[in-house]
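Chains as they are written, first to last, in our numbering: chain H, 1 to 514; chain Z, 1 to 332.
Hints may contain errors.
As the list claims (entries may be wrong) - To list a few chain Z residues with every Cβ distance to chain H over 10 Å, as calculated:
hint: 1; residue: Ile169
hint: 2; residue: Glu196
hint: 3; residue: Asp289
Unchecked claim - Pairwise CB distance ranges, derived in the manner of DEER restraints:
hint: 4; chain 1: Z; residue 1: Met116; chain 2: H; residue 2: Gly242; range: 26 to 32 Å
hint: 5; chain 1: H; residue 1: Lys403; chain 2: Z; residue 2: Val16; range: 40 to 46 Å
hint: 6; chain 1: Z; residue 1: Met32; chain 2: H; residue 2: Leu446; range: 31 to 37 Å
None of these hints come from the bench; they were simulated from the model.
Computed from a predicted structure; not experimentally measured.
Note that beta-carbon positions come from the ideal geometry of N, C-alpha and C, so glycine has one too.
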Amino acid sequence: MMGISRRGLLKSGAAAGVLAATGLPVMAQAKRGGRLRAGLNGANTSDSWDGRTHSDLYMIASAQGAVFDSLTEVTADGSLVGELATDWEASEDAKTWTFNLRQGVTFHNGKAFGADDVIESLQLHVAEGSKSAAQPIVASIAEMTKTGDYQVQFTLNAGNADFPYLMSDYHLLIYPAGQVEEAIAKGIGTGLYAVQSFEPGVRMVAKRVDSHYKGDAAGFFDEIEYIAINDSTARMNALLTGQVDAINRIDFKTEALLKANPMVRIQEVTGNQHYTFPMLTKVAPFDDVNVRRALKYGINRQELVDKILQGHGLVGNDTPIGPANQYYYGDMEPLSYDPDKSKFYLKEAGLTSLDIDLNVSNAAFNGAVDAAQLYQASAKSGGINLNVVQEPADGYWSNVWLKKPFCASYFSGRATEDWMFATAYEAGVPWNDSQWDQPRFQELLLTARATLDTTKRKDMYHEMQQILRDDGGVIIPMFANYVQAVSNKVVSPDTVGNLWQMDNARMAERWHMA
Amino acid sequence: MSTVLKIILQRLALGVLTLFVVSILIFAAVNMLPGDFAQAILGQGATPDAVEAIRRDLGLDQPPVARYFQWLAGALQGDLGNSFAQANFASFVGADSGGNTASVATQIAPRFWNTMFLAGVTALIAVPFSVVLGILAALYRNSVFDKFTNIFTLSSISSPEFFLAYILILFLAVLNPWLPSLSNIYQGMGFGERLEKTLLPALTLTLVVTAHMMRMTRAAIINLLASPYIEMARLKGLSPMRVIVRHALPNALAPIINVIALNLAYLITGVVVVEVVFVYPGIGQLFVDSVKIRDIPVVQACCLIFAGAYILLNLTADIMSIISNPRLRHPK
Numbered sequence: 001m002m003g004i005s006r007r008g009l010l011k012s013g014a015a016a017g018v019l020a021a022t023g024l025p026v027m028a029q030a031k032r033g034g035r036l037r038a039g040l041n042g043a044n045t046s047d048s049w050d051g052r053t054h055s056d057l058y059m060i061a062s063a064q065g066a067v068f069d070s071l072t073e074v075t076a077d078g079s080l081v082g083e084l085a086t087d088w089e090a091s092e093d094a095k096t097w098t099f100n101l102r103q104g105v106t107f108h109n110g111k112a113f114g115a116d117d118v119i120e121s122l123q124l125h126v127a128e129g130s131k132s133a134a135q136p137i138v139a140s141i142a143e144m145t146k147t148g149d150y151q152v153q154f155t156l157n158a159g160n161a162d163f164p165y166l167m168s169d170y171h172l173l174i175y176p177a178g179q180v181e182e183a184i185a186k187g188i189g190t191g192l193y194a195v196q197s198f199e200p201g202v203r204m205v206a207k208r209v210d211s212h213y214k215g216d217a218a219g220f221f222d223e224i225e226y227i228a229i230n231d232s233t234a235r236m237n238a239l240l241t242g243q244v245d246a247i248n249r250i251d252f253k254t255e256a257l258l259k260a261n262p263m264v265r266i267q268e269v270t271g272n273q274h275y276t277f278p279m280l281t282k283v284a285p286f287d288d289v290n291v292r293r294a295l296k297y298g299i300n301r302q303e304l305v306d307k308i309l310q311g312h313g314l315v316g317n318d319t320p321i322g323p324a325n326q327y328y329y330g331d332m333e334p335l336s337y338d339p340d341k342s343k344f345y346l347k348e349a350g351l352t353s354l355d356i357d358l359n360v361s362n363a364a365f366n367g368a369v370d371a372a373q374l375y376q377a378s379a380k381s382g383g384i385n386l387n388v389v390q391e392p393a394d395g396y397w398s399n400v401w402l403k404k405p406f407c408a409s410y411f412s413g414r415a416t417e418d419w420m421f422a423t424a425y426e427a428g429v430p431w432n433d434s435q436w437d438q439p440r441f442q443e444l445l446l447t448a449r450a451t452l453d454t455t456k457r458k459d460m461y462h463e464m465q466q467i468l469r470d471d472g473g474v475i476i477p478m479f480a481n482y483v484q485a486v487s488n489k490v491v492s493p494d495t496v497g498n499l500w501q502m503d504n505a506r507m508a509e510r511w512h513m514a
Numbered sequence: 001m002s003t004v005l006k007i008i009l010q011r012l013a014l015g016v017l018t019l020f021v022v023s024i025l026i027f028a029a030v031n032m033l034p035g036d037f038a039q040a041i042l043g044q045g046a047t048p049d050a051v052e053a054i055r056r057d058l059g060l061d062q063p064p065v066a067r068y069f070q071w072l073a074g075a076l077q078g079d080l081g082n083s084f085a086q087a088n089f090a091s092f093v094g095a096d097s098g099g100n101t102a103s104v105a106t107q108i109a110p111r112f113w114n115t116m117f118l119a120g121v122t123a124l125i126a127v128p129f130s131v132v133l134g135i136l137a138a139l140y141r142n143s144v145f146d147k148f149t150n151i152f153t154l155s156s157i158s159s160p161e162f163f164l165a166y167i168l169i170l171f172l173a174v175l176n177p178w179l180p181s182l183s184n185i186y187q188g189m190g191f192g193e194r195l196e197k198t199l200l201p202a203l204t205l206t207l208v209v210t211a212h213m214m215r216m217t218r219a220a221i222i223n224l225l226a227s228p229y230i231e232m233a234r235l236k237g238l239s240p241m242r243v244i245v246r247h248a249l250p251n252a253l254a255p256i257i258n259v260i261a262l263n264l265a266y267l268i269t270g271v272v273v274v275e276v277v278f279v280y281p282g283i284g285q286l287f288v289d290s291v292k293i294r295d296i297p298v299v300q301a302c303c304l305i306f307a308g309a310y311i312l313l314n315l316t317a318d319i320m321s322i323i324s325n326p327r328l329r330h331p332k
């Protein structure tokens, strides 16, 4: 049972080896005490405790990972468990969901937790003028009713079998009702750690709450300190000189140096984070499926994984569903590089050669410009002349992405298939960066969403991935691993979460001192 | 002495005018950059609705000229406005909650003192070090010591700052764990610990600024050594050290002070790279962050501080030159 499960896939042999050497089941012998010091990137001077604005690791690890809780939680092996909810139940059509809430939970300021807190916290995301990234999730709820002090009933606009998963989103933090402003200003949640000090973009210190509902099962440190280190070399130095115990996002170029250090181990997980080249399928020539197929066969995916990710990743087949998803279609026939097929599909489209611009910037993903140049070189023998246009990183998301017909982008992926598709592949959603609208796919999307039977869902999601591979408007050449490094002074469990960096950003909850 | 006072007042008035021009230039430059705060802060999530909502909240939908004069009116009353980033979050909550977090002044103040602390520590090390080095180099000019000093300081000024920083980290933090490579000082940290954490960046900056000051000291002194009055001093039988320190140095002070002032201004305004490498929470990082998200009020305030530092330090340098020179102190 303790073997490496599919979803907790540890790609790096070295990491797996070290983990196997130190890893015993956490519950059995986790040691309490100590101070976890982590050097994390993604911090800004504009950070705050407002979950609606969180988008990068630093605040996700600080808020959902330590100070706040959500209704549900995705465990390291990818299953869903209740956090502030104990259990939930759906109606036949997956349209009405009843959540039972945990009793006896208190916020850090002593206020008792109940149904009102859930309703008020979720409503923040649909408030007038709200800029929350989780707005679509909450907007899908037609009605929230308090059916008891510790029970909430959600009526959705349409059936959604994944609704409990959506409640684990890191934006959906639970604040104390009536004190939301204060809670956002000071960081008052129900999490394992209470804020001691917080300087946005610099440092966050939090202390373990004495009596917490998670008891002895989680939150083993006495104190945690998250230090904002946005520069990757500085992060590495801090770890090597023992000033922090864990760092995220290793620079692949210096990975060998870290590996050589016996005091440090590398942790690598393949998750859903993927790099993409979306094309606007409503714009010629991308409206022709044959042109799209020619482009799909013109890219050398393995080369990109080898050279751009230096091997720290997985070849993608133009579907955003990654190994961290439940219905990942790993056996799908891969889209291998084949210039002859490119030529064939160009001919099908009535073309002998194709000249198009590819607008890229490293703002899309690290190495996007190099990736585009490799793509340019490999596509050439298939008769495709890519003109790589390098765009400024400033304003890339506003001026290039969703605007230029062929560009580079990335997604960190989502916990469920439906969530990912609803974010970027459902017809008409704002982030559908290929403007793609395929009838069969859209039909399956809606059916699968309201289906509770897992076998049927699996078939549907596999078919949808096949359609994306053959017809979709987004080239997804690679899934990028999350690579982080941890000092041997800190023990992490065998299976580390792969939805987000740093054990789904919950290292404060799951790790402990050696 | 009244001439000095007159100069100070004149220069201060000119300084205010300079600040005004700087604020116009910065405002225009930030506005010319592609994208604005709303787009920058939303990133990939910049849907037209969200961008519109933020622009409306922050008044970014008004024409730039109107926005500039609003800012100027506030600035003249000592109110540097509210940081867009913080104001944005306040509006998220639905009310302008706790105005204390949102103001530019409260956001900049701790960073500014951190920067001043680093600049101060560096100056305390670098200024005596380079002046002494310069005097010794002048004293033993063309000796092995002089050549070594020149080569050492010139190669350190020629190397990029981050390279010097990494070299120091390698030798003083990684190979010999004497000093911390992370300078994440925070409020409430004891003075001793703060000083220890600041030492590596201060040493790096010392290497960066030493060459300039040391070379100027050396050149200014050597320049004077050919003067008749120095020859006279020598003929009196004074020791070379005494000739230089007592007779040459006072007359060489003006150019040295000028260079020192310029370098101190650099320490306040130009140490972003060193801050990033050592994760030092100074004003430089805040400035770069703010330019990145087009947070104009913070950018403006930072630039005014930078410009102010240059103006005041230059003014100090000029006044010190006058005081150190009797001919200027008592003009005919």
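_Hint numbers contradicted by this structure_ = The structure conflicts with hints 1, 3, 6, although it agrees with all the remaining ones.
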